[in-house]
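Participant: Mind docking chain B on chain A? Use the hints.
Those protein sequences? They're chains A and B, same order as listed.
First residue of the first sequence: 0, per the numbering used here; consecutive thereafter.
First residue of the second sequence: 3, per the numbering used here; consecutive thereafter.
Rather than coming from a laboratory, the hints here were simulated on the basis of the structure.
If you're wondering where the values come from, they're calculated on a predicted model, not measured in any experiment.
Be aware that one or more of the hints could be misleading.
Okay, derived cross-link-like pairs now, SDA-like style, lysine to any residue, Cα gap no bigger than 20 Å in a straight line [to be verified]:
{"#": "1", "chain 1": "B", "residue 1": "45", "chain 2": "A", "residue 2": "60"}
{"#": "2", "chain 1": "B", "residue 1": "45", "chain 2": "A", "residue 2": "78"}
{"#": "3", "chain 1": "B", "residue 1": "45", "chain 2": "A", "residue 2": "53"}
{"#": "4", "chain 1": "B", "residue 1": "45", "chain 2": "B", "residue 2": "21"}
{"#": "5", "chain 1": "B", "residue 1": "45", "chain 2": "A", "residue 2": "74"}
{"#": "6", "chain 1": "B", "residue 1": "45", "chain 2": "A", "residue 2": "125"}
{"#": "7", "chain 1": "B", "residue 1": "45", "chain 2": "A", "residue 2": "2"}
{"#": "8", "chain 1": "B", "residue 1": "45", "chain 2": "A", "residue 2": "132"}
{"#": "9", "chain 1": "B", "residue 1": "45", "chain 2": "A", "residue 2": "68"}
{"#": "10", "chain 1": "B", "residue 1": "45", "chain 2": "A", "residue 2": "4"}
{"#": "11", "chain 1": "B", "residue 1": "45", "chain 2": "A", "residue 2": "57"}
{"#": "12", "chain 1": "B", "residue 1": "45", "chain 2": "A", "residue 2": "70"}
{"#": "13", "chain 1": "B", "residue 1": "45", "chain 2": "A", "residue 2": "73"}
{"#": "14", "chain 1": "B", "residue 1": "45", "chain 2": "A", "residue 2": "101"}
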Amino acid sequence: MVFHERAAWAGLIAAVVTVGVYIWLLPRADAWVGPMLWAIGTGIAVSILITILWGIAAGIRDREAATASDLRDRDISRYGGRAEYVVLVIAGLVVIVLCALGAEGFWVANAMFAGFVLAAVIGGLARVIAYRRGLA
Amino acid sequence: MVKPTRVTNSIRAHREQQGITQAELARRIGVTRQTLLAIEGEKYSPTLELAFQIAREFGVRLEDVFEYPGA
Chain A
0 MVFHERAAWA GLIAAVVTVG VYIWLLPRAD AWVGPMLWAI GTGIAVSILI TILWGIAAGI
60 RDREAATASD LRDRDISRYG GRAEYVVLVI AGLVVIVLCA LGAEGFWVAN AMFAGFVLAA
120 VIGGLARVIA YRRGLA
Chain B
3 MVKPTRVTNS IRAHREQQGI TQAELARRIG VTRQTLLAIE GEKYSPTLEL AFQIAREFGV
63 RLEDVFEYPG A
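Extracted from the complex, chain A is given alone in its bound form (with noise of 0.2 Å):
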């Protein structure tokens, strides 16, 4: 599996897990913005720390390949790129229209989070496909 893909998995992981710890916190908490916060936090230390063990692990097997990326990472990167670009104009159209309507913070800040673990989730999904099935 080359660098590439292993990021669109651990980007997968961890917008899973960013989800999981909100939904888990928020229950718990006063308010939303620090169960927001450390869950975005999380996310992104699980996805560092994913990386950057798959890559040693990848590394002891084949210290080449486990850095080494080409065109086609770069096309599949650009196509799951644009799968994360349509859901985050769609969150931030949902965002625009709810600060229109007067909505709370919490239902503004929460549909931007939505949207950008959507972006995340679809965006790697699309880009595991197509290393999975193939990209025209």
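Facilitator: For chain B alone, coordinates are given in the frame of chain A:
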């Protein structure tokens, strides 16, 4: 749903005929072994430049390695 390429190729046949491993061919054309595997398995269309490079490595014409249905 991602559509795999309609381009077919005979890279494996040429490779085996000339005794070149996947890793060696990948190194020569400057891609990862996974990318060569995807091209061989017709899961990824190489760029025109890469296709020419592959044909050149085998010492044959582009159309001897790659085909497109109806062409």
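Participant: If a hint holds in the structure, say so; if it does not, say that too.
Facilitator: Here is what the structure says about each hint:
1. 45/B / 60/A: 25 Å, violated
2. 45/B / 78/A: Status holds; Cα separation ~15 Å.
3. 45/B / 53/A: Violated. Residue 45/B to residue 53/A sits at ~25 Å, over the 20 Å cutoff.
4. 45/B / 21/B: Status violated; Cα separation ~23 Å.
5. 45/B / 74/A: Distance ~13 Å between residue 45/B and residue 74/A Cα, so the pair holds.
6. 45/B / 125/A: OK: residue 45/B and residue 125/A at ~15 Å, within 20 Å.
7. 45/B / 2/A: The given pair, whose Cα atoms are some 19 Å apart, holds under the 20 Å limit.
8. 45/B / 132/A: This hinted pair holds, its Cα atoms lying about 7 Å apart.
9. 45/B / 68/A: Judged against 20 Å, a Cα distance of about 17 Å means the pair holds.
10. 45/B / 4/A: Holds. Residue 45/B to residue 4/A sits at ~15 Å (cutoff 20 Å).
11. 45/B / 57/A: 23 Å, violated
12. 45/B / 70/A: 14 Å, holds
13. 45/B / 73/A: The hint holds at about 15 Å.
14. 45/B / 101/A: 49 Å, violated
Violated hints, listed in ascending order, are 1, 3, 4, 11 and 14; each of the other numbered hints is respected by the structure.
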